[in-house]
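> The primary structure of each chain is shown beneath.
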Amino acid sequence: MSDNPLRDAIQQAISDNEVILFMKGTPEQPMCGFSARTAAALQAVGKPFAAVDVLPDPRIRQELSGLSSWPTIPQLFVKGELVGGCDIVTEMFETGELHETLGAEAPAEAPEAPAAQPSGPQPLGIENRL
Amino acid sequence: MPTADEVKTRIETAIPGSQVEVESADNVHFSARVRAEAFAGKSRIQQHRMVYEAFDEGELGGAVHALQIKTEVP
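Line by line, the protein sequences give chains Z and W. The first sequence: position 95 = 95 (my numbering), numbered continuously. The second sequence: position 72 = 72 (my numbering), numbered continuously.
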């Protein structure tokens, strides 16, 4: 543990959740088009994921980017590893790689990028203690 | 506020030999397509990080509010 409790809490959340998305807003109510598109891709794959809203405290974003060396939001982590932001996740969704990464059955045909409107199963929320 | 041309020049300088197309309707949100031999054998994460390195800390999310990136190996 470091002397930075917030960074420790973020690291813990990444370790505790196999699939975790740091985003602006929530999957139900995204506050940015890029976060919306990334959450929609995850929802279209259909595996549960945790979501953390970075907006309530600007330090969350600052510490997260310090930890991941990735400057922008959203950020998707799978099994503790940064997978990418909106562009990478969208591209992986279209090629079927996202399904593979999340351990879901890949679609027979290349899917269209999902609309930013959230639909499908509700994601697994985690306590927003960051 | 940077223009699309300035963003293009920044990325080309950061990744020598790259071919870069940048579009922006408002000089705040940018979309870049970057082709570079230097991307060969690198993961998407690594490729995007190379593009991000063209910018100063705080610039992305600040003056460059959003930068969409599509990377390709020629």
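Don't read these hints as lab results, they were simulated from the structure. Possibly wrong hints are sitting among the right ones.
To be verified - Below, a list of computed lysine to any residue pairs in the SDA-like style, where the Cα atoms sit at most 20 Å apart:
(1) Z:Lys79 x W:Lys70
(2) Z:Lys24 x Z:Glu97
(3) Z:Lys79 x Z:Ala13
(4) Z:Lys24 x W:Gly62
(5) Z:Lys79 x W:Arg44
(6) W:Lys42 x Z:Glu112
(7) W:Lys70 x W:Ala38
(8) Z:Lys47 x Z:Leu6
(9) W:Lys42 x Z:Ala13
(10) Z:Lys24 x W:Lys42
(11) W:Lys70 x Z:Glu112
(12) Z:Lys79 x W:Ile45
(13) Z:Lys79 x Z:Ala108
(14) Z:Lys24 x W:Val28
> For each hint, tell me whether it holds in the structure or not.
So, going through the hints one by one against the coordinates:
| no. | hint | verdict |
| --- | --- | --- |
| 1 | Z:Lys79 x W:Lys70 | violated (25 Å) |
| 2 | Z:Lys24 x Z:Glu97 | violated (24 Å) |
| 3 | Z:Lys79 x Z:Ala13 | holds (11 Å) |
| 4 | Z:Lys24 x W:Gly62 | holds (15 Å) |
| 5 | Z:Lys79 x W:Arg44 | holds (17 Å) |
| 6 | W:Lys42 x Z:Glu112 | violated (26 Å) |
| 7 | W:Lys70 x W:Ala38 | holds (14 Å) |
| 8 | Z:Lys47 x Z:Leu6 | violated (27 Å) |
| 9 | W:Lys42 x Z:Ala13 | violated (28 Å) |
| 10 | Z:Lys24 x W:Lys42 | violated (28 Å) |
| 11 | W:Lys70 x Z:Glu112 | holds (17 Å) |
| 12 | Z:Lys79 x W:Ile45 | holds (15 Å) |
| 13 | Z:Lys79 x Z:Ala108 | violated (25 Å) |
| 14 | Z:Lys24 x W:Val28 | holds (18 Å) |
In this structure, the hints that do not hold are numbers 1, 2, 6, 8, 9, 10, 13, in rising order.
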